[in-house]
Each structure stands twice: as C-alpha cells, then as structure tokens.
Amino acid sequence: MNQIEAFLVITATVIFLIPFLKVKGKGLVLFAAILMNAFLSDYFAVQTLTGQSFEFTFPGSLITGPVNLRIDALSGWFILIINFIFITGSFYGLFYMKAYQSQHKNITLHSIAFVFLHTSLISLCVIQNSLVFLIVWEIMAISAFLVVIFEHDKMATIKAGMNYLIQSHVSIVFLMFGFIWVAFITGSYDFNAITSFTAQNKGATGLFLFLVFFVGFAIKAGFVPFHTWLPYAHPAAPAHISGIMSGVIIKIGIFGILRMITFIKADYYSIGLVILAFSVVSGLYGVMLAIMQHNLKKLLAYHSIENIGIIGMGIGIGCIGLGTNNYLLASLGFAGGLLHTLNHALFKSLLFFTAGNVYQATHTLHIEHLGGLIKKMPQTALLFLVAAIAISGIPPFNGFISEFVIYSGFYYWMQDAMVGSLMTIIFSVLALVLIGGLAMLCFTKAFGIVFLGNARHEFNHEVKEVPFLQLLPLYMIAFFIVFIGVFPQAFLNALYQPIHLFASNMQNAGIPFSEKIGDVLQPVTWAIWVFILIALLIFGIRKFALRHRKVAIETTWGCAYIAPTEKLQYTAGSFVRPYSKLFRPFLLTTKTEKEVQGIFPSGGSYKTRTFDQIEKHLIDNPIAAYKSFLGRFLFLQNGKLQFYIIYGIIFIVSVICIPLFYDQIVLFIDFIKKI
Amino acid sequence: MLSLILILIAAAFFTGVIIRVKSIASGRKGPGIFQPIKDVVRLFKKGVVYSETTSFVFQIAPTIYFSSVVMAMLVVPFGQSKGIVGFNGDFIFFAYILALGKFFNIISAMDTGSSFEGMGASREALFSMFAEPAFFILMGSLALLTGHTSFQEIFAALHIGSYISYAIAILGTFVLMMIAMVENSRMPIDDPKTHLELTMVHEVMILDNSGFDLGLILTAGYLKFALYGALVVNLFIGVFPYQYSIPMFFIIQFVLASGVGFIESFMARFRMSHNAQFIFVLTSVSLLIFFGVLLILGKFV
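Line by line, the protein sequences give chains U and H. By my numbering, the letter at position 426 of the first sequence is numbered 426, and the numbering carries on one by one without gaps. By my numbering, the letter at position 286 of the second sequence is numbered 286, and the numbering carries on one by one without gaps.
Because the hints were derived from the structure by calculation, they are not lab data. Worth double-checking, as some hints may not be accurate.
[Stated by the list, open to error] In silico DSSO-like cross-links for lysine-lysine, where the CA-CA straight-line distance does not exceed 30 Å:
1. K299(H) <-> K543(U)
2. K22(U) <-> K154(U)
3. K45(H) <-> K543(U)
[What the hints assert, rightly or not] Which stretches of chain H does chain U cover? Using the computed rule of at least three CB atoms under 8 Å from a CB of chain U, they are:
4. 66-73
5. 84-92
6. 96-104
7. 117-127
8. 134-144
9. 226-235
Glycine included, each C-beta is placed from N, C-alpha and C at the ideal position.
With the hints as extra help, turn the sequences into a complete structure.
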C-alpha cells in the first residue's frame with residue numbers, strides 16, 4: 001500500500017517540479033522519477049514471477065465502486081518490459097533531445113507527458129476496475145499523443161498525431177462499449193464481472209464480447225487492418241519515443257488482449273482461430289509493405305506490425321491449446337507470444353534508437369541518401385546489425401528463440417489435429433517462414449544501404465558517432481538480445497507463472513511447464529553454443545593462417561570499369577525491384593516519370609511511391625465519401641449573419657414547440673398509421 | 001558422427017563429378033574429380049585483397065557463412081545414427097542457421113559498394129526466401145507422417161513401405177534437389193559458368209572475395225551440395241543396415257551429382273524473371289506432398 005502511494009506521490013511531485021527547473025534539471029529529474037517508479041514497481045513485479053500475487057483495494061467513489069489493484073504474474077512480466085524500455089529510452093532521450101534544448105516550454109510539456117505515460121502504462125497493468133481502467137487508458141492515449149507531437153511545428157507531425165489521437169479514441173469507444181455492456185448486465189465495474197457475465201452467457205455472446213475487446217485493443221497493438229496510425233506516428237515522433245512506442249505502448253494492446261483472455265470464459269478454440277487469422281494477415285502484410293518503405297523509421301514501423309503478427313500467432317496457439325485442453329500446446333503458444341513480446345521490445349527499441357543516431361548524425365532518414373555510415377559510426381552500425389539479425393529471427397540472437405517456440409507449437413499441434421486445423425497450421429507455418437524470409441530481405445536492404453558501401457550524398461556537416469554515454473543504453477539492450485539468444489532458459493523459467501495464469505483453469509494441468517519447455521529449448525541452446533564455438537574456431541584458424549600473408553587494399557572490382565562513382569551503387573529501390581515486380585498485385589505503387597528529352601536534355605526524374613492498400617480502402621475512401629456527402633450541406637454555412645440568426649431562431653422555436661405540440665404530433669402520426 | 005564423415009567424403013567428389021560429367025557431355029576429357037578441392041587448397045594458401053570500400057562485415061562474413069554450413073552439417077543424421085546435434089525441431093534450426101550464413105553473404109556483397117554485387121545480393125535474398133517455404137512444408141509433412149519432429153526420428157521412421165510413401169519420398173527428392181540448386185545457384189536458377197556478371201546470382205556476390213575467404217566460400221558451397229544430397233539419401237535408407245546404406249549413400253550422391261551435371265549440359269538457364277515462378281512451383285509440389293500425407297493418414301474424412 002505504502003509503495004503505491006509513494007509511486008503516485010513521486011509522479012505528482014515530479015510533474016509539479018518540472019516546469020520550474022532548467023532544461024538540464026528537467027531531464028535529470030525526469031530520469032530519476034522514471035528510475036524510482038521503475039524500482040518501486042519492479043519490487044512487486046519480480047516477486048510475482050516467483051509465484052506471489054498482490055491485491056490492494058481502494059474504496060473508490062460512488063460511481064466506480066471499490067477499485068481493486070492486482071499485481072499478478074502477467075502484469076509483472078509486462079511491468080518489467082515497460083520499465084526496462086523506459087529506463088533505457090529516457091536515458092537515451094536525455095542525449096537525443098540535446099539538439100532541442102532551446103525549446104524550453106516544449107520540453108516541459110514533453111517531460112510531463114513522458115512521466116504521465118510511464119505511470120499510466122504501469123497502472124494499466126494492475127487496475128482491475130473497468131471504469132478506472134478507461135480513465136487511465138485515456139490519460140495514456142493523450143500523453144502518448146503529446147510526446148509524439150514534440151516537433152509540432154512540422155505539418156506532417158501534427159497530422160500523424162491527430163491520426164493517432166482519433167484512432168486511439170476509436171479504440172476507446174470499443175473498450176467502453178464492452179465494459180459498459182458488462183457493467184449494465186452485472187452491475188459491477190470490477191473485471192471479475194466479465195468472468196461471471198461470460199460464464200452465464202455461454203456461446204456467441206462471450207465470443208462477441210471478446211471480439212469487441214479484441215478490436216479495441218488491436219487498434220492500439222496495430223493488428224492489420226487497424227494499423228493505419230502506426231506508420232505515421234512512429235516516424236513523426238522523436239527517436240526515443242518511437243522506440244518506446246514500438247517497444248511498449250503498442251504492447252499494452254497485447255497486454256489487454258491477454259488480460260481479457262484470462263477473464264472471458266468463452267470458446268477458446270474459436271478465439272484462437274480468430275487471433276491466428278488476424279495475426280497471419282498482420283505479419284505478412286506488415287513485412288510486405290515494410291520492404292517498400294524508404295524512410296528508415298517508417299520501415300521499422302511496418303515491422304512492428306509484422307512482429308505484432310508473430311506475437312499474435314503465439315497467443316492464438318495458446319488459446320487453441322486452452323480450447324483443446326492441451327496444456328503443453330497452451331504453454332508453448334503463450335510462452336512464444338510472451339517471449340516475443342519481450343524480444344520485440346528489445347530489438348525494435350534498439351533499431352529505433354540506432355535510427356535516431358543516424359538521424360542525429362545526418363539529419364535525414366531517407367535511405368537513398370545514406371550509405372557508408374559503418375565507417376563513420378561503427379558502433380551504431382554494429383548495434384543495428386545485431387538488432388537486424390535478431391528481428392529477422394536468425395540465431396544466435398533472441399528473435400530466433402521465440403520464433404522457435406512458436407514453430408514448436410505449430411508442429412506440436414500438428415500431431416493430433418484434423419484436416420481443418422492442419423490446413424490452418426500449414427498456412428500459418430508458410431506465413432511464418434515467408435515473414436522470416438521477407439524480413440531478411442528487408443533488413444539486408446536497410447543495413448546494406450544505410451551502413452555499407454559508399455556515401456550516396458554529400459552532407460554539409462560532419463557526420464560522426466554519437467557520444468559513448470548515449471550508446472550505453474543501446475549496449476544494455478544489445479546485451480539482453482544476445483543473452484536471451486544464448487541463455488533462454490532463465491527467461492523461460494520466469495515465464496512459468498504468467499503461463500500458469502492462463503492454464504490454471506484447465507482440467508488436467510498435468511506436466512509442469514518449466515521442465516517441458518526446458519526440454520524443448522535445452523538442445524537448441526546447445527546447438528547455438530556449438531555454432532558459436534565453430535565460428536570462433538574458424539575465425540581463429542583464419543587469423544592464424546593469415547598472420548604472415550600479404551593483405552592488400554584495392555578498389556572494388558568494377559568488372560573492368562575503373563571510374564565508378566557512388567551513384568553507380570545499387571540503391572534501395574533497385575535492391576527490392578525484383579520483389580516489387582513480383583508482389584505488384586498486393587502493393588499500391590504509383591510512378592511519376594519525366595523522361596529526358598531533346599538535343600540539350602533537361603533533367604529527368606523518376607519517382608515511385610507505395611501506398612497502403614488497406615488504408616486507402618478502409619480509411620481514405622470512406623472518409624472521402626463522407627466528406628463529399630457532407631459537402632452537399634455546405635450551402636448552409638454561407639457566412640451571412642442573417643442566415644445564422646435564422647438557424648438560431650428555427651432551433652429555439654423547434655425546441656420550444658416540439659414539447660408543446662407533442663400530443664398533437666403523436667395524434668397525427670396515429671392518424672397517418674390508421675390510414 | 002557417421003553422417004559428418006560421409007558428408008565430408010561426398011563433398012570431396014560431388015562438385016568434381018558435376019564438372020567431369022559436363023566435360024564428357026561436351027566431348028572433352030575434363031579435369032579430375034578432385035580438382036575443385038585442389039583449387040580450394042591453393043586458395044587457402046594465398047593472401048587476401050580487400051576493397052577499400054569494405055568494412056569488418058566483409059571480413060567476417062565468409063567465416064560465418066562457412067560456420068553456418070558446418071553447423072547445418074552437424075544436424076543432419078544418417079539413417080539410424082544421429083547427427084552430432086539432434087533434437088526436436090532441429091530442421092527449423094537447420095534452415096535458420098543457413099539463413100544466418102545467407103544474411104552475412106548478402107550484406108558482405110553490399111559492403112563492396114559494387115552495383116553488380118548489389119544485384120546478386122538482391123536476387124539471392126529473394127530467391128532463397130522462396131525456397132524456404134517448400135522446405136518447411138516438406139519437413140512438416142514428414143513430421144506429420146511419422147509423428148516426430150527431429151531429422152533423425154523422422155528419417156528413421158520413414159519406412160512405412162506403402163507405395164504412396166515412396167511416391168512421397170520421390171517428390172521429396174525433387175523438392176530437396178531443387179532447393180539445393182537454388183541454394184547453390186546451379187543451373188536452372190543460376191549459371192555458375194556464365195561470362196557476364198549481369199546474369200549471375202551467387203558468383204557475382206563473391207567477385208571481391210579472394211584468397212582464404214574465397215576458399216571458405218567455395219568449400220561451403222561444396223559442403224552444402226553434399227548436405228542436401230545427404231538429406232535426399234536419408235529419405236530412402238531408413239532402416240537398412242550399414243553395409244547396404246553406406247554404399248547406397250555414395251551411389252545416390254553420385255547419381256545426384258551426375259544428374260546435376262547432365263541438367264547443366266543440356267539445359268539453358270531460366271530467364272531471371274521466371275525464376276520466382278519456378279520457385280513457387282516448388283512450394284506447390286511440397287503442398288502436394290502434404291496432401292499425400294493427409295491421404296495416407298486418412299485425415300480427409
């Protein structure tokens with residue numbers, strides 16, 4: 001209890017303190033506050049992973065009823081992820097924001113919103129009262145909006161921010177509908193009411209309720225087709241916010257879905273299939289569009305959608321395990337999903353932070369203008385490479401571990417599935433393999449074009465590596481990426497309690513989870529170690545063999561052409577051209593071309609742009625239709641004062657008259673009905 | 001352990017046999033079948049030349065590529081005898097560790113800043129991506145058929161004896177061999193002996209590699225061929241005792257190598273833009289295998 005009060009007091013103090021400090025002080029106080037709050041919440045979170053859970057009850061108000069807080073293993077797992085990313089992110093942000101130091105007021109607002117964001121995210125993990133949950137959800141949405149629009153003098157940033165704000169409120173509408181529906185029937189805002197509600201209303205009602213919540217949370221998480229805010233918001237935000245956003249804010253949507261799974265008692269098998277279907281589409285669609293992006297951050301944003309798809313696949317398998325009463329399948333699925341949540345938070349925030357370094361050094365994120373950065377920024381390049389390998393799901397890093405668990409889930413499910421499920425499995429596996437392959441294509445492109453080769457563009461300023469302190473949090477993240485890849489057992493053991501939470505209400509909870517998953521992963525770990533040993537050994541042999549040999553440095557072999565310029569290098573566009581030709585039906589690429597003509601040719605140009613097809617059909621076209629419909633009433637707003645007075649009078653008269661003549665109107669309608 | 005030794009021996013002659021068959025088919029005597037090994041040994045003795053554009057990525061990439069192939073080799077079993085590492089889901093590891101090698105190969109090509117190598121990298125990234133689904137569906141079908149999820153258990157149990165299961169093994173051979181062609185950039189996909197950089201895939205990616213590094217890359221290529229050959233052999237040998245299965249191993253490897261040689265002698269390379277469709281065919285064939293398995297197990301009800 002005291003800790004929770006302390007948590008709120010720290011937040012409140014810091015928020016009142018920040019406006020009165022100098023810029024440097026604001027940063028330090030903010031970091032200290034995040035650190036303290038993180039330690040306070042970690043204190044509980046770590047204990048929950050060893051099997052304890054904490055309950056607190058606040059009296060609440062007349063409307064909300066008593067407010068319960070419960071910190072169980074699921075909240076614990078997410079709180080730990082949130083805290084880690086927030087600590088590294090805010091530390092990184094201290095340095096990243098140096099360039100904006102002169103914007104005094106802006107930074108004040110940013111810092112306050114940042115603290116609010118952290119506090120609200122942690123609170124969302126523990127609150128058990130739906131009304132309070134919605135209020136905190138709103139605080140979280142608005143503070144996220146405020147941190148995103150830091151550079152609000154740019155038109156694109158404001159647009160992206162508005163887009164995000166509107167879509168997060170659509171999400172709130174769905175959540176509100178779900179929660180109020182439950183409260184209306186049961187009369188209680190407590191989350192447990194959801195359980196009693198779905199237990200009484202078996203069948204389609206429970207599934208429908210789940211779908212309502214799923215859509216609400218999926219907008220936040222970025223499942224296709226609810227993803228359209230994501231590719232705008234991520235590039236618009238400052239780098240540390242993009243990292244946090246992709247790392248944890250969208251994960252709160254995943255948390256919501258998982259939380260609802262623990263409460264809703266419905267047909268888990270159908271729920272699992274629904275989640276799986278959305279996930280497969282999200283995974284494929286996200287990576288397919290990611291490849292076509294030439295803005296580094298936008299590319300990463302689409303990859304978040306892809307990874308949400310992978311996480312969703314894990315959760316889907318888990319639900320199917322619950323539905324078929326298969327304990328091992330359920331634990332494989334949820335373990336894969338939860339572990340990938342952590343993994344994605346790690347490598348995606350690292351990618352965004354390194355993209356921030358690139359932006360800081362070159363002032364551009366356009367891939368085609370970059371190149372050869374590995375010589376100027378070797379440490380950033382190395383960190384990006386680690387994260388790129390991890391996100392492609394390739395050993396020996398963490399992305400492989402979680403994908404391996406999910407694969408194991410699929411192949412395990414296969415053993416006792418019938419034809420319908422088998423088709424689902426084979427196409428999901430197909431999707432997962434394709435996602436891996438496409439991610440590799442995408443990240444060889446991103447890494448190759450941005451960091452390798454020669455610089456494609458002359459910058460007027462010096463391009464140099466960021467200071468070591470700024471790289472420090474990045475190294476911390478990279479350490480965990482490698483650590484999970486090499487010693488996954490420690491983290492899987494930590495997952496025992498969260499998974500037990502899902503599986504505890506199954507009839508035959510048979511085999512203890514930790515041993516079984518340990519069995520699955522122990523040999524993979526061995527294999528990864530063997531691989532590392534082999535690589536080191538061969539590297540040693542190579543070093544030994546080359547010790548006295550001649551090592552010459554020459555120009556790149558240009559196939560007998562001796563005056564190549566950096567413009568001859570393969571560009572990002574040409575790298576993905578075979579792909580874009582092949583996938584043309586799925587992509588919406590527009591070309592604008594101006595050919596070189598005449599005896600004294602003027603400049604020619606060639607531009608391609610890829611749009612999001614789902615966004616066009618689901619968001620843009622309906623909005624355009626709605627706008628053109630409303631445009632017909634534009635004559636009412638003609639700017640003449642006389643008309644507005646008439647509208648006012650008509651309104652007042654009708655307000656007064658309708659009640660007066662109510663009986664007559666009813667009589668008249670009855671009369672018409674009789675005729 | 002046994003599989004490792006056998007694969008190493010097979011790797012020593014596999015590429016040589018291909019070259020010899022090609023020479024004989026075109027009316028030449030051709031080099032001895034150990035010539036590729038001698039070439040590699042010569043390369044291992046040389047110094048290296050690096051491009052001034054390159055970074056450390058270019059220097060570590062061949063080592064990692066080679067280690068990834070060696071690691072993949074350790075996973076492959078031989079009939080009843082296990083590979084050095086074998087576990088449930090090892091074929092997933094097999095595919096992904098090879099992907100690590102490919103990842104480094106691609107970025108090392110990008111590291112040189114040469115437009116030709118970029119071209120090769122782009123094609124390699126796309127083609128290998130399409131070969132992978134076929135592999136996963138094939139292994140998934142076999143896993144379903146046998147009820148196991150590790151290479152060794154799958155292959156050991158794969159002797160059900162019905163005609164359909166042998167039909168599946170033959171289709172599986174086709175898929176695995178085609179994947180081997182894609183992975184090793186051989187004929188219908190890529191022409192290793194072409195004279196024009198624009199038409200190469202794999203060869204153009206390693207234009208700037210030299211000496212020891214080139215030796216590693218070439219050796220990895222030889223090993224990879226024998227590796228897929230070993231997987232094909234495994235589809236057939238099942239429970240045979242060693243005195244039959246070991247000769248069978250070499251015979252099948254030899255037949256595969258000469259097959260590749262004949263294909264290369266009498267076939268032209270596909271147009272680059274048709275390759276992707278060809279690789280889709282692979283996925284369809286593996287889906288066919290999947291349906292065959294469903295038929296055998298009687299899951300269509």
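| Would the pair K299(H) and K543(U) pass a check requiring their Cα atoms to be no farther apart than 30 Å? | Roughly 56 Å between the alpha carbons, so the hint for K299(H) and K543(U) is violated.
| Count the residues of the stretch 96-104 of chain H with a beta-carbon closer than 8 Å to any beta-carbon of chain U: does the count reach three? | Per the Cβ count (6), the hint holds.
| said: Taking beta carbons only, do three or more residues of the stretch 66-73 of chain H come closer than 8 Å to chain U? | reply: Held - the stretch 66-73 of chain H has 5 residues with a Cβ nearer than 8 Å to chain U, which meets the minimum of three.
| query | the stretch 117-127 of chain H covered by chain U? Criterion: 3 or more residues, Cβ-Cβ distance below 8 Å. | reply | Answer holds; 8 residues pass the 8 Å Cβ test.
| task | Apply the coverage criterion to the stretch 226-235 of chain H and chain U: a residue qualifies when its Cβ sits closer than 8 Å to a Cβ of the chain, and three qualifying residues are needed. | result | Since 0 is below three, the answer is violated.
| Hey, K45(H) versus K543(U), does the alpha-carbon distance stay inside 30 Å? | Roughly 13 Å between the alpha carbons, so the hint for K45(H) and K543(U) holds.
| said: Just to make sure I understand the rule, a stretch counts as covered if three or more of its residues have a C-beta closer than 8 Å to a C-beta of the chain. Does the stretch 134-144 of chain H meet that for chain U? | reply: Coverage by chain U holds for the stretch 134-144 of chain H (5 residues, Cβ < 8 Å).
| query | For the pair supplied as a hint, K22(U) and K154(U), is the alpha-carbon distance within the 30 Å limit? | reply | 25 Å, holds
| said: Can you confirm whether chain U covers the stretch 84-92 of chain H, using C-beta to C-beta distances below 8 Å and requiring at least three such residues? | reply: Per the Cβ count (8), the hint holds.
The structure is inconsistent with the numbered hints 1, 9, although it conforms to all the rest.
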